[in-house]
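**Student:** The primary structure of each chain is shown beneath.
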Amino acid sequence: MATQSDPNQIGKAFLQHYYATFDGINRNNLASLFNDKSMMTYEGSQHMGQKSIMEKLTTLQFKKCRHDSKTMDVQPSGAGGLMIVVTGDIFVDDGKNGIKYSEVFHLMKGQNNSFWIHNLVFRLNYC
Amino acid sequence: LQEAAVGSSTTAVESSTQSTVLDIDEIGKTFMEKYYDLFQNDRAKLESYYREYSCLSFEGQGFQGPKQIMNKLRNLPVKSIQHTPKTIDVQPSGCGGLMLYVTGELRLDSTDNPVRFLHSMHIVPLEGSTTDFWINNDIFRLQV
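Protein sequence lines, in the order shown, are assigned to chains H and F.
1 is the number of the first residue of the first sequence in the numbering used here; add one for each residue after it.
1001 is the number of the first residue of the second sequence in the numbering used here; add one for each residue after it.
Hints are not guaranteed to be accurate.
Under the rule of at most 30 Å between Cα atoms (straight-line distance), these lysine-lysine pairs were calculated in the DSS-like manner [to be verified]:
no. : chain 1 : residue 1 : chain 2 : residue 2
1   : H       : Lys37     : F       : Lys1086
2   : F       : Lys1086   : H       : Lys64
3   : H       : Lys12     : H       : Lys64
Derived by calculation from the structure, the hints in this document are not laboratory data.
Whenever a hint applies, use it, and build me the whole structure from the sequences.
**Tutor:** Listed below in structure tokens is the structure:
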């Protein structure tokens, strides 16, 4: 992704790419967004590094899913990074009722003006 | 704070000044509990957490710096706000701080029906400290 000066534009483009890839036919394509420094906590399950993260994301307990993001907040995190917080609904396996989720990404600038995911936390948000 | 070794049930990190292993989950939890306690009981004291470059997004509205941020937090349209965290996730942020991610329930003016909220912070330690932080990023959303 090319960097532009508007963090909101970068955030929007990143999320579109991330969710389209996550929800699409080859979730493995997310791998290039992670490296050995990346950390993910998915519903409390902690993973470090691209391999462990991708293993988790490709073995989740649903066949199909669709993220419907509703809100996005973007802030510079310092040192050229971006913090993105998303809320929305996630639909799994053709279910009619979405489950509320929220997710935070901390992106860092990599080579060629692209961003990679340093931190990712995903939580379903129901009581 | 150095990078943590994630993957064990306790996420530990070494401080740059000591070889003591720190429990960042505990540090994050303690920080948020203190923050929410001040929020409810002595909100003006929150000002010391915010610096010139601190950013707050509160339900989609953006504020920067302690003056703007405190102006927002001290003028919310309800008298009493009680945060009850249900989940707190903590990770090293890679730029010397911690990423905190809280989901929970909010009770406004002691009403019975709580509202779900999420709250993400990027906190940075004061020089050489493992207990005192300032808030670089603060993002708050209700989830209705």
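**Student:** Against this structure, judge whether each hint is valid.
**Tutor:** Do the hints match the structure? See the list:
{"no.": "1", "hint": "H/Lys37 - F/Lys1086", "in the structure": "27 Å, holds"}
{"no.": "2", "hint": "F/Lys1086 - H/Lys64", "in the structure": "28 Å, holds"}
{"no.": "3", "hint": "H/Lys12 - H/Lys64", "in the structure": "23 Å, holds"}
Violated hints: none; the structure is consistent with every hint.
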